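**Student:** Just need the whole structure built from these sequences, with the hints factored in.
So the protein lines, in turn, are chains A and B. Under the numbering used here, read the first sequence as residues 1 to 267, first letter to last. Under the numbering used here, read the second sequence as residues 1 to 127, first letter to last.
Quick caveat, the hints were computed from the structure, so don't treat them as lab data. Bear in mind the structure is a predicted one, so any value in this text is a computation, not a measurement. Some hints here could point you the wrong way.
Calculated from the model, a selection of chain A residues having no Cβ within reach of chain B, i.e. all distances over 12 Å [claimed, not checked]:
1. D13
2. F58
3. T79
4. L87
5. R95
6. S161
7. S168
8. L193
9. A214
10. R226
11. S239
If you want the footprint, here are the derived chain A segments under chain B, 3+ residues with CB under 8 Å [claimed, not checked]:
12. 24–37
13. 64–75
14. 98–105
15. 151–160
Quick reminder that beta carbons are idealized off the backbone N, C-alpha and C, glycines included.
Below, each chain spelled out in residue letters.
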Amino acid sequence: MLPTPSTSHVEFDRIYEPAEDSYLLLDTLSSESEKAFLQQRFSRGTSDVVAHDPPSPFVVEIGTGSGVVLSFVDAHAETIFGRADILSAGVDVNRYACAAAGRTVSVAEQEQVAKGESHGFHLGIVAGDLVGALRPAMVDVLIFNPPYVPTPDLPALPTLSEEVAAPSFEEDSYLLSLSYAGGADGMETTDRLLDALPEVLSRERGCAYILLCAQNKPENVKQRIRNWGKEWKAETVGSSGKKGGWEKLQIIRIWRVESLSQEEEPK
Amino acid sequence: MKVLTLNFLTCAVKACKSTSAAFPLHPKDCELVSDTLEANPKLLFNILPRIDWNALIITASELGFPTLPPTPPTPEQLENDPKMMQELHTLLLETQISEGSLVCANCSHEYRVKEGIANFLLPNHLV
Ligand SMILES: [Zn+2]
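**Tutor:** Set out below in structure tokens:
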């Protein structure tokens, strides 16, 4: 098992603390089946021995929180993707989380260096709303642990203001609520992200890993994605079903297959 | 944030995203810091195909880096041109923007960068 990155420097008063959902993402992304999928998708073809590698995959986590997932993927890129030259970046709506996640990635990379092992190439963390600041069709792997808990209301998104709110219990509670409160069915934020996927994912290689809980109605979500067209696939690739209860979690992988255009060509 | 990040970012204002002027964002009054990293030609080769070269030419010139050639070098050209290799290594892998702004040429909105974190949250009137 790959080591979990350290988040001991993170202030969990206002930043989501790694929990069962975060660890399910780590376990799923480093599972044998997902390593095989990702390595097949992003490593060099076997047909031509002298071929150059395919271009570096661009891996983005939306809603990094402490950065435990992004730093894990970056630090263990070689094990997960079969290549260390991935480009990693993160987005979070909470500025404090952005700073913490940047630090978490840097600590994890230093630990890899100390062990004489490789790590990915980290670009940075930006503050923002979901994929709003990302250029279309650039993301090869998108990872999202959403605010998935059903709540009566969705907290308002922070907007830009020059004065930074003084630290207070209310401000901290608000920032934390952004990390878990999902509105109706816990899906209001995830729905916005899903709607943006066809545009933000790269055409040939794009895929996404999204965490859902049972109240999010994962079967409906997967069916909705398949309804986008024959080239779209959605499958459950990880779950923490043993404990049962209302917060049963699963990870769905969403991806596009290339073969459609070839199938449609006359023989 | 690495300068290379700009290759993946655009203006977050909805009306801008479909316009060509929203990319690349233009650095303004930026403070740069440089990490010292070992040469990594393989990484550079594998990143180059991801880069919008015309945008990088603009970014490099706006940040005061040496003028880039009009077309991206092939791996073979890079291997035979240590100076170009070093310049791209410095620009793409080592240089970070720590403070300043990123400006959209379409709507003129300035995204502030503080302590290496660019803030793409929008003011109320642009959401
Ligand atoms: Zn704009």
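**Student:** Each of the hints needs a verdict: does it hold here or not?
**Tutor:** How the hints compare with the structure:
1. D13: Non-interface label stands for D13 (chain A): nearest chain B Cβ at 19 Å, farther than 12 Å.
2. F58: 6 Å, violated
3. T79: Nearest chain B Cβ is 17 Å from T79 (chain A), so the label holds.
4. L87: 7 Å, violated
5. R95: Violated, since 7 Å does not exceed 12 Å.
6. S161: About 8 Å separates S161 (chain A) from the closest Cβ of chain B, which leaves it inside 12 Å; violated.
7. S168: Correct as stated: the minimum Cβ-Cβ distance to chain B is 19 Å, above 12 Å.
8. L193: 15 Å, holds
9. A214: Nearest chain B Cβ is 32 Å from A214 (chain A), so the label holds.
10. R226: Its Cβ never comes within 12 Å of chain B, the nearest being 27 Å, so this holds.
11. S239: Since the minimum Cβ distance to chain B is about 31 Å, S239 (chain A) lies beyond 12 Å and the statement holds.
12. 24–37: With 0 residues closer than 8 Å to chain B, the region 24–37 of chain A misses the three-residue bar; violated.
13. 64–75: Since three or more residues must qualify, the claim that chain B covers the region 64–75 of chain A is violated, with 0 doing so at under 8 Å.
14. 98–105: Since three or more residues must qualify, the claim that chain B covers the region 98–105 of chain A holds, with 3 doing so at under 8 Å.
15. 151–160: holds (count 4)
Checked against the numbered hints given earlier, the structure breaks hints 2, 4, 5, 6, 12, 13 and satisfies all the rest.
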